[in-house]
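Engineer: In case you want the letters, here they are:
There are 2 protein chains.
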Amino acid sequence: MNWAEFSPEQRSGLYRAIYERRDIRVFRDDPVPPETLARIIRAAHRGPSVGFMQPWDFILVSDVETRVRVKDLFERERQAAAQFFDHSRRSQYLSLKLEGIMEAPVNLCVTCDPTRGEEVLGRNSVPETDLYSTCCAVQNLWLAARAEGLGVGWVSILKLPRLRRILGIPPHVVPVAYLCLGYPVEFHARPVLQAVGWRDRLPLSDLVHYEGWGQQTGNGAWSEVREALASNKEPDPWKRE
Amino acid sequence: MNWAEFSPEQRSGLYRAIYERRDIRVFRDDPVPPETLARIIRAAHRGPSVGFMQPWDFILVSDVETRVRVKDLFERERQAAAQFFDHSRRSQYLSLKLEGIMEAPVNLCVTCDPTRGEEVLGRNSVPETDLYSTCCAVQNLWLAARAEGLGVGWVSILKLPRLRRILGIPPHVVPVAYLCLGYPVEFHARPVLQAVGWRDRLPLSDLVHYEGWGQQTGNGAWSEVREALASNKEPDPWKRE
Numbered sequence: 335m336n337w338a339e340f341s342p343e344q345r346s347g348l349y350r351a352i353y354e355r356r357d358i359r360v361f362r363d364d365p366v367p368p369e370t371l372a373r374i375i376r377a378a379h380r381g382p383s384v385g386f387m388q389p390w391d392f393i394l395v396s397d398v399e400t401r402v403r404v405k406d407l408f409e410r411e412r413q414a415a416a417q418f419f420d421h422s423r424r425s426q427y428l429s430l431k432l433e434g435i436m437e438a439p440v441n442l443c444v445t446c447d448p449t450r451g452e453e454v455l456g457r458n459s460v461p462e463t464d465l466y467s468t469c470c471a472v473q474n475l476w477l478a479a480r481a482e483g484l485g486v487g488w489v490s491i492l493k494l495p496r497l498r499r500i501l502g503i504p505p506h507v508v509p510v511a512y513l514c515l516g517y518p519v520e521f522h523a524r525p526v527l528q529a530v531g532w533r534d535r536l537p538l539s540d541l542v543h544y545e546g547w548g549q550q551t552g553n554g555a556w557s558e559v560r561e562a563l564a565s566n567k568e569p570d571p572w573k574r575e
Numbered sequence: 335m336n337w338a339e340f341s342p343e344q345r346s347g348l349y350r351a352i353y354e355r356r357d358i359r360v361f362r363d364d365p366v367p368p369e370t371l372a373r374i375i376r377a378a379h380r381g382p383s384v385g386f387m388q389p390w391d392f393i394l395v396s397d398v399e400t401r402v403r404v405k406d407l408f409e410r411e412r413q414a415a416a417q418f419f420d421h422s423r424r425s426q427y428l429s430l431k432l433e434g435i436m437e438a439p440v441n442l443c444v445t446c447d448p449t450r451g452e453e454v455l456g457r458n459s460v461p462e463t464d465l466y467s468t469c470c471a472v473q474n475l476w477l478a479a480r481a482e483g484l485g486v487g488w489v490s491i492l493k494l495p496r497l498r499r500i501l502g503i504p505p506h507v508v509p510v511a512y513l514c515l516g517y518p519v520e521f522h523a524r525p526v527l528q529a530v531g532w533r534d535r536l537p538l539s540d541l542v543h544y545e546g547w548g549q550q551t552g553n554g555a556w557s558e559v560r561e562a563l564a565s566n567k568e569p570d571p572w573k574r575e
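In the order they appear, the protein sequences are chains G and R. Just so you know, we're using this note's numbering here: the first sequence kicks off at 335 and counts up by one. Just so you know, we're using this note's numbering here: the second sequence kicks off at 335 and counts up by one.
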């Protein structure tokens with residue numbers, strides 16, 4: 335079966351979602367319509383998975399008491415992590431708002447069950463492909479959310495054994511992503527860490543190698559690709575910084 | 335800055351890419367235009383990353399000798415992995431076409447450098463978030479490729495130490511995804527492993543938990559979400575199996 339080509343407008347929708355997706359930490363308190371929430375979870379379930387393993391589960395959380403416990407866990411970890419930054423970076427780090435656990439109307443933990451399916455086709459060489467699959471599913475959800483005008487923030491500053499205990503997750507299941515979901519106050523033009531000068535976006539040409547690691551001149555067949563990457567001629571709807 | 339809402343057509347483009355993305359193993363030999371290739375690599379570079387770490391690199395490969403070595407590595411691994419399947423599954427496994435290393439006009443290895451950026455904000459609790467970020471970038475690329483009519487196949491049946499040697503990748507850098515890229519002969523309606531009866535798609539309602547692991551009845555606030563997930567009312571353009 336062959337699908338129709340994407341229209342330019344459909345293509346721009348895909349690229350808009352990619353370019354305008356942000357990690358959202360400030361939420362309005364409007365609720366998320368059940369149909370919308372179902373749509374973005376379904377998008378995650380359409381993620382690619384090694385051997386069609388579909389190792390993911392989704393735990394939806396709104397209960398205040400549970401969120402207070404997750405927020406407390408985050409706060410301890412945030413302070414612990416601060417110790418590893420030197421003075422000036424530490425105060426900047428502590429000034430950043432990094433999550434919206436209590437404000438977001440929906441919290442969602444996406445997990446990976448490494449035991450799903452006995453012998454999984456394609457997972458013999460790299461067992462971590464179950465986690466990789468789960469991350470691809472999360473990215474589907476994140477982009478679908480963006481297209482729905484919905485913000486997603488990934489809270490990675492959490493110790494997993496405690497998070498398991500709070501959510502009752504079995505020891506063998508990996509909590510891959512703890513997400514905060516809701517309508518954002520705004521979608522910023524640039525990632526927060528870029529805007530506040532924490533880190534710059536890396537020049538893409540430094541990250542592309544031709545035929546082998548460290549070969550970055552891109553002679554012969556690759557010279558046009560290298561030029562295209564350097565010239566960065568993006569179609570209008572998604573040319574934004 | 336607030337962006338405009340997505341038009342229904344743009345939204346359908348995003349969902350089409352998600353629903354119609356496939357793991358492609360059969361390629362036409364048309365070349366990939368340099369501009370298109372640059373566009374999908376740029377889409378990957380717009381992936382989310384922990385602490386804006388951007389841990390990825392991209393190694394483009396077309397050299398036949400290199401691909402012969404990767405294909406040989408795949409073949410050994412494929413045979414090795416076959417030992418773990420029982421008789422009937424083993425012959426089915428060995429009958430499946432699982433990669434297009436030699437036929438695809440472009441091979442692309444996406445790697446993760448765990449040493450990029452000294453102390454990475456948000457990576458203290460879960461160091462694997464660098465790999466997670468790289469996978470999100472791969473999913474961006476995969477979806478952008480789909481919107482461009484381009485197929486991507488992820489070859490996970492490769493031993494990483496040998497793959498590193500073939501591509502000259504330093505020992506500390508993780509080859510996360512070895513991808514085959516090109517125009518597909520077709521985009522199948524369903525994933526190959528589903529179509530051949532290897533594994534079924536799991537019912538989504540079995541994978542959603544409410545307020546804690548194992549709580550799947552979704553009472554109270556969640557009953558509407560549970561109904562929406564069960565009814566599966568997807569807008570037309572992406573209602574396909």
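No wet-lab data here; the hints were simulated from the structure. The model shown is predicted, which means the values in this text are computed figures rather than measured ones. There could be a bad hint or two in this list.
No distinction is drawn between identical chains; accordingly, a pair holds when it is met within one copy or between any pair of copies.
[Claimed, not checked] Subject to a maximum C-alpha distance of 20 Å in a straight line, what follows is the list of computed DMTMM-like cross-link-like pairs (lysine to aspartate or glutamate):
id, residue 1, residue 2
1, K493, D420
2, K405, E369
3, K405, D363
4, K493, E453
5, K405, E339
6, K431, E558
7, K431, D447
8, K431, E453
9, K493, E343
10, K431, E339
11, K405, E545
12, K431, D406
Engineer: Decide, hint by hint, whether the structure agrees.
Structural biologist: Each hint tested on the structure:
no.: 1; hint: K493 x D420; result: neither (22 Å within a copy, 39 Å between copies)
no.: 2; hint: K405 x E369; result: neither (27 Å within a copy, 45 Å between copies)
no.: 3; hint: K405 x D363; result: within (18 Å within a copy, 53 Å between copies)
no.: 4; hint: K493 x E453; result: between (30 Å within a copy, 17 Å between copies)
no.: 5; hint: K405 x E339; result: neither (45 Å within a copy, 31 Å between copies)
no.: 6; hint: K431 x E558; result: neither (42 Å within a copy, 31 Å between copies)
no.: 7; hint: K431 x D447; result: neither (31 Å within a copy, 27 Å between copies)
no.: 8; hint: K431 x E453; result: between (43 Å within a copy, 18 Å between copies)
no.: 9; hint: K493 x E343; result: neither (42 Å within a copy, 41 Å between copies)
no.: 10; hint: K431 x E339; result: neither (42 Å within a copy, 25 Å between copies)
no.: 11; hint: K405 x E545; result: between (46 Å within a copy, 15 Å between copies)
no.: 12; hint: K431 x D406; result: within (15 Å within a copy, 49 Å between copies)
Hints 1, 2, 5, 6, 7, 9 and 10 from the earlier list are contradicted by this structure; the remaining hints agree with it.
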